[in-house]
Amino acid sequence: MKPPVFEYRDPRSLDEALGLLNEYGDDSSILAGGQSLIPLLNLRLARPDYVIDINKVPGLDTIEVLPGCVRVGALTRIRRLERDPKIRAVAPALSDAFQNIAHPQIRSRTTIGGNISHADPSSELPGVLAAYDGRVQLTSSSGSRWVSWSDFFVTVFTTTRESNELLTAVEFPTDQNFSYEFEEIARRPGDYPLAGVCAGISLDGSQVRAARLSAIAIADRPIRMTAAESALVGVDISNAAVRQAASQAAAAEINPMDDEHGSAAFRRGLVSTLVKRTLDRLAGVPS
Amino acid sequence: MKSEIRTIAMTVNGEQVSVDVEVRALLSDVLRHDLRLTGTHVGCEHGVCGACTILVDGESARSCLILAVQADGSTIETVESLGSVSSLSALQEAFRENHGLQCGFCTSGILMSLCAAERHGEDLEETLGEVLGGHICRCTGYQNIRAAIEAHWAKSVTQ
Ligand SMILES: Cc1cc2nc3c(=O)[nH]c(=O)nc-3n(C[C@H](O)[C@H](O)[C@H](O)COP(=O)(O)OP(=O)(O)OC[C@H]3O[C@@H](n4cnc5c(N)ncnc54)[C@H](O)[C@@H]3O)c2cc1C
Ligand code: FES
Ligand code: FES
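Residue numbers (the numbering used here), protein chains in the order written: chain A, 1 to 287; chain B, 1 to 159.
Hints may be right or wrong, so weigh each one.
[Unchecked claim] List of simulated lysine to any residue pairs, SDA-like, C-alpha gap at most 25 Å: (1) A:LYS56 / B:GLU22; (2) B:LYS155 / B:GLY141; (3) B:LYS155 / B:GLY129; (4) A:LYS2 / B:VAL19; (5) A:LYS86 / A:SER148; (6) B:LYS2 / B:GLU22; (7) B:LYS155 / B:GLY58; (8) A:LYS2 / B:SER3; (9) A:LYS2 / B:VAL17; (10) A:LYS86 / A:ARG71; (11) B:LYS2 / A:ASP26; (12) A:LYS56 / A:ALA119; (13) B:LYS2 / B:ASP72; (14) B:LYS155 / B:ASN144; (15) A:LYS56 / B:GLU4; (16) B:LYS2 / A:TYR24; (17) A:LYS2 / B:GLY43; (18) B:LYS2 / A:GLU23; (19) A:LYS2 / B:SER18; (20) A:LYS56 / B:ALA9; (21) A:LYS86 / B:GLU59; (22) A:LYS56 / A:GLU162; (23) A:LYS2 / B:VAL42; (24) A:LYS2 / B:ILE5; (25) A:LYS2 / B:VAL48; (26) B:LYS155 / B:ASP123; (27) B:LYS2 / A:ASN42; (28) A:LYS86 / B:ASP123.
[Claimed, not checked] Sample of chain B residues with no beta-carbon within 10 Å of chain A, all distances over it, derived: (29) SER81; (30) LEU88; (31) ARG96; (32) ASP123; (33) LEU124.
What the hints contain is simulated information worked out from the structure, not anything from laboratory work. C-beta: ideal position from N, C-alpha, C; glycine also.
Pulled out of the complex, with its shape left as it was, chain B reads as follows:
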């Protein structure tokens, strides 16, 4: 049996895109394979690790647990919408300064969750507990990620 194809339109990182997708395709795979936005990483593909976290209409969500067809008409933000290598965003800079990453596999998902938390005005405690709790990092032992979040929240987020 062949899978049905549908054309979907989304706003991805501020740009209007239109793409043909199999109805069974995951949003994570369409972002990576079709749109070539490989900053979104894929670890477990059942919602547990958090590597694939992106923003859908301003809320953090697992892109491995959304069918791409479901994103038709949505506004998507991925890690590519943050700073660039030559000009990091304030949050990315806090991660760099505090050595908040090693291999970087988990980092893009964590950054996107933190963007949502910052926009929704979550306090530091909520962010360190609940928000970071939705991510698994195999390298850092979390201490430096927490230090980066604390530094960023102290500097940039008005409490």
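Just chain A, same shape as in the assembly:
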């Protein structure tokens, strides 16, 4: 038997789930898609006393495309999200990012709430949430609060979610005339990226009003590249030298580490290339 012994709870309502979290807190693990938790159980890297399976909690698998945002319930599976034409219409970069998460056989189970709660710095969605300036909804028995991405992700696998809270929804703002592009580099399709970039710009004609650039798999949490963003504000995006300057600013401001997948210099190069490519596309120029 691979997973260690645990007590299994499968609450049938949100109230019941929150009550269990209140009671068991740190001694429990929430089970959503299971595509990260069950490997950890199989390898016995996780040994929770209680597993709280939220898959039978009704009302958490919603997709809402609202005037100013895309709001998704925590239990919504990535496979359903990537096929949703309403999301693709308003946030195509988000749909592209969904399709870069693992393989279709994994995405059929993976939930958006589990993916974001897991806070793996190599995960696509936390970085995309950063570029969209998005937020998450955390709910406990005493109520709900919305937390911006920057106050949510702390470090590797660590967030500011309290142990009695459930992540119940994720919100990607879509207002302000921002257009986005997402691109990553992985060894094989479906692998975690060696580096990823999500870039958004808001234009006035061809002049950049505002820019939002995030990097994935570069630090212990998703980061925004503020020097590159500043380098873009007020400039003409159709000028290739400007896009080049932003990609150099991005490479200069990040601090990737060496690991078994590549050196810091290699990752710096990848981010620079990805910033250039995403900005080229946003400028309507083929890379």
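Fit chain B with the ligands to the known structure of chain A by using the hints.
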């Protein structure tokens, strides 16, 4: 500490089954050990290799990453639901004709992923890239698997 036991009911390959499972038991192990459906293979047990892929309510999924209790009420399809030795399914026949397998360890998972892709009308490119990308084969070098998929998609799957 003893593990809790629960009785679950599933439809497996068209048959209604009821089985007592430890709550920590993996669906892959219950299929193989309790239901004796050993066509589903188990390689890595952390989602990477794809050998254990089955269909859960029509979608391909790793049976090593689902607790059996979670499958209560689900419809499960395994490789045993395809053809038999004397009468292979069209997809299996394409694998045979194109020498799309050697040891066969990866094959049952790949066939099930392809069943889902075929039903969802995935095109050839998506199937050769994304869908096959979710499987590891240590024998064939993939060329003959790709040839089998191409032949099957050309013959049986309306584009
Ligand atoms: C082979 C393979 C390849 C993968 N490749 C990628 C990849 O390229 N990119 C990527 O991003 N991911 C990848 N993953 C990870 C996968 O997408 C995970 O499914 C995902 O990170 C976690 O989502 P889940 O719904 O499966 O969560 P679970 O595994 O159920 O949970 C993960 C963690 O989040 C907690 N949690 C779950 N839901 C909630 C909630 N609502 N509120 C609070 N806490 C919660 C759990 O307690 C657990 O600690 C891969 C996985 C595998 C097996
Ligand atoms: S055994 Fe399930 S993916 Fe390898
Ligand atoms: S045929 Fe041997 S692993 Fe694929």
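Hint check:
| no. | hint | in the structure |
| --- | --- | --- |
| 1 | A:LYS56 / B:GLU22 | holds, 19 Å |
| 2 | B:LYS155 / B:GLY141 | holds, 23 Å |
| 3 | B:LYS155 / B:GLY129 | holds, 19 Å |
| 4 | A:LYS2 / B:VAL19 | holds, 19 Å |
| 5 | A:LYS86 / A:SER148 | holds, 24 Å |
| 6 | B:LYS2 / B:GLU22 | holds, 9 Å |
| 7 | B:LYS155 / B:GLY58 | holds, 23 Å |
| 8 | A:LYS2 / B:SER3 | holds, 12 Å |
| 9 | A:LYS2 / B:VAL17 | holds, 23 Å |
| 10 | A:LYS86 / A:ARG71 | holds, 12 Å |
| 11 | B:LYS2 / A:ASP26 | holds, 21 Å |
| 12 | A:LYS56 / A:ALA119 | holds, 23 Å |
| 13 | B:LYS2 / B:ASP72 | holds, 21 Å |
| 14 | B:LYS155 / B:ASN144 | holds, 16 Å |
| 15 | A:LYS56 / B:GLU4 | holds, 19 Å |
| 16 | B:LYS2 / A:TYR24 | holds, 19 Å |
| 17 | A:LYS2 / B:GLY43 | holds, 13 Å |
| 18 | B:LYS2 / A:GLU23 | holds, 21 Å |
| 19 | A:LYS2 / B:SER18 | holds, 22 Å |
| 20 | A:LYS56 / B:ALA9 | holds, 16 Å |
| 21 | A:LYS86 / B:GLU59 | holds, 22 Å |
| 22 | A:LYS56 / A:GLU162 | holds, 22 Å |
| 23 | A:LYS2 / B:VAL42 | holds, 12 Å |
| 24 | A:LYS2 / B:ILE5 | holds, 16 Å |
| 25 | A:LYS2 / B:VAL48 | holds, 16 Å |
| 26 | B:LYS155 / B:ASP123 | holds, 13 Å |
| 27 | B:LYS2 / A:ASN42 | holds, 18 Å |
| 28 | A:LYS86 / B:ASP123 | holds, 22 Å |
| 29 | SER81 | holds, 17 Å |
| 30 | LEU88 | holds, 23 Å |
| 31 | ARG96 | holds, 23 Å |
| 32 | ASP123 | holds, 13 Å |
| 33 | LEU124 | holds, 15 Å |
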